[in-house]
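Colleague: Can you build the whole structure from these sequences, using the hints too?
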Amino acid sequence: MILGQAFVPDPLTVAEQWRLSGRGVAIATVIETWGSAPRPVGSHLVVDTDGNFHGSVSGGCVEGAVVGEAIEVITSGTSRILEFGVADETAWKVGLSCGGRIRVHVERLG
Amino acid sequence: MRLEHLQSINKARENRIAAVTVTALDGGASSLYLDGEAVDEVMVPAVQTALRTGKSAIVEIDDRPLFINVYLPPPRIVVIGAVHISQALAGMATLAGFDLSIIDPRSAFATPERFGQTALFADWPEDVLKDAPLDAYTALVAVTHDPKIDDFPLISALAADCFYVGTLGSRKTHARRVERLSKAGLDEAAIARIRAPIGLDIRASSPAEIAVSILAEIIQTLRTRDVMGGRSV
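Listed in order, the protein sequences are those of chains A and B. Heads up: the first sequence is residues 268 to 377, going by the working numbering. Heads up: the second sequence is residues 96 to 328, going by the working numbering.
Treat the hints loosely; a few may be bogus.
[Claimed, not checked] Okay, derived cross-link-like pairs now, EDC-like style, lysine to aspartate or glutamate, Cα gap no bigger than 20 Å in a straight line:
{"no.": "1", "chain 1": "B", "residue 1": "Lys106", "chain 2": "B", "residue 2": "Asp121"}
{"no.": "2", "chain 1": "B", "residue 1": "Lys150", "chain 2": "A", "residue 2": "Asp277"}
{"no.": "3", "chain 1": "B", "residue 1": "Lys106", "chain 2": "A", "residue 2": "Asp277"}
{"no.": "4", "chain 1": "B", "residue 1": "Lys150", "chain 2": "B", "residue 2": "Asp241"}
{"no.": "5", "chain 1": "B", "residue 1": "Lys106", "chain 2": "A", "residue 2": "Glu283"}
{"no.": "6", "chain 1": "B", "residue 1": "Lys267", "chain 2": "B", "residue 2": "Glu283"}
{"no.": "7", "chain 1": "B", "residue 1": "Lys150", "chain 2": "A", "residue 2": "Glu299"}
{"no.": "8", "chain 1": "B", "residue 1": "Lys267", "chain 2": "B", "residue 2": "Asp241"}
[To be verified] Calculated Cβ distances over 10 Å to all of chain A for the following chain B residues:
{"no.": "9", "residue": "Leu127"}
{"no.": "10", "residue": "Val273"}
{"no.": "11", "residue": "Gly280"}
{"no.": "12", "residue": "Leu281"}
{"no.": "13", "residue": "Ala287"}
Read the hints as simulated data drawn from the structure, not as lab findings. Virtual Cβ for every residue (Gly too), placed ideally from N, Cα, C.
Modeller: Below, the structure written as structure tokens:
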């Protein structure tokens, strides 16, 4: 049965296509949230070596920083856990203006 | 994540099978479980909870932090009836991330001119559902007003534990439906799961507004009850 195609392609489908076409890919995943986090635990952002990305781990607040870290993870192969809190000029360049906190796991797609 | 795991997850979603990944946050090996396959004994409670609730979370097992991520099949809406409401619902549901298909044996209604790219089956539900059975991640919306067309998929949806079962009809129409379904052998609790009249009460009037109320009710149901409908996994 052919079903209606979802309007926005799934990040993991995009990640598979990218990897199979030879691109380096990292998968970022929300693993923990506190307070009013914009994306639920389990949400994915996928990133390639050139910084192309698909999906989201927040409402667009921290994706830029995650993409930068993800490119390093693709090179090193070592997973990282990132934590983002409320936007605070002194502590973070980026943050969540909604007041929540999130932890994001970033790993290379083998 | 290993590419084989990612491919298995994507394949499982395509085949409407739930999958669970366990990622060691201290950098150790990760594993993947598909619903219905054997699970390492130590992981059984965490994997079962994830499948039942659809919620991903960090758990500690043997003092190691593990991230359990659950991938449920994408929620699907099967609409019985290629009517005006279905035209509006098709566009909205696709935007909201649902797979949607429409079944109506009346070929005058089920035409590509009226439905564009939407998956459309101009056949009896009995025939279409044989090849693509309903499941717990499916919402069934029956809107033909015709018992000859609606009753079979309604009964099938309750038997398949569809997370949402809704149908059009006034109280009087629904009372007659309840009578027919009781005669067909359905118990009271099963029949009570049918949302009729369909949709949240937002005083919807036009077909598009009724589609909004139906989609809102489907989302509310999806997000407020155990996704597996309490069935044991």
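Colleague: If a hint holds in the structure, say so; if it does not, say that too.
Modeller: Structure-based check of all given hints:
1. A hinted pair counts as satisfied when its Cα atoms are at most 20 Å apart, and B:Lys106 with B:Asp121 does not qualify at roughly 28 Å.
2. Between the alpha carbons of B:Lys150 and A:Asp277 the distance comes to roughly 18 Å, so the proposed pair stays at or under 20 Å and holds.
3. Our distance criterion of 20 Å between C-alpha atoms is met by B:Lys106 and A:Asp277, whose separation comes to about 13 Å.
4. Restraint check for B:Lys150 and B:Asp241: the C-alpha separation of about 38 Å exceeds 20 Å, so the hint is violated.
5. Note on B:Lys106 and A:Glu283: the hinted pairing holds, with a Cα-Cα distance of about 11 Å set against a maximum of 20 Å.
6. Between the alpha carbons of B:Lys267 and B:Glu283 the distance comes to roughly 17 Å, so the proposed pair stays at or under 20 Å and holds.
7. Restraint check: the Cα-Cα separation between B:Lys150 and A:Glu299 comes to about 11 Å, which is no more than 20 Å; the hinted pair holds.
8. This hinted pair checks out: B:Lys267 and B:Asp241 have alpha carbons roughly 14 Å apart, not beyond 20 Å.
9. No beta-carbon of chain A comes within 10 Å of the beta-carbon of B:Leu127; the shortest separation is about 12 Å.
10. Every beta carbon of chain A lies more than 10 Å from that of B:Val273, the smallest distance being close to 30 Å; the non-interface claim holds.
11. No beta-carbon of chain A comes within 10 Å of the beta-carbon of B:Gly280; the shortest separation is about 27 Å.
12. Residue placement check: B:Leu281 keeps its beta carbon more than 10 Å from all beta carbons of chain A (closest about 25 Å).
13. Every CB of chain A is more than 10 Å from the CB of B:Ala287 (nearest about 29 Å), matching its label as outside the interface.
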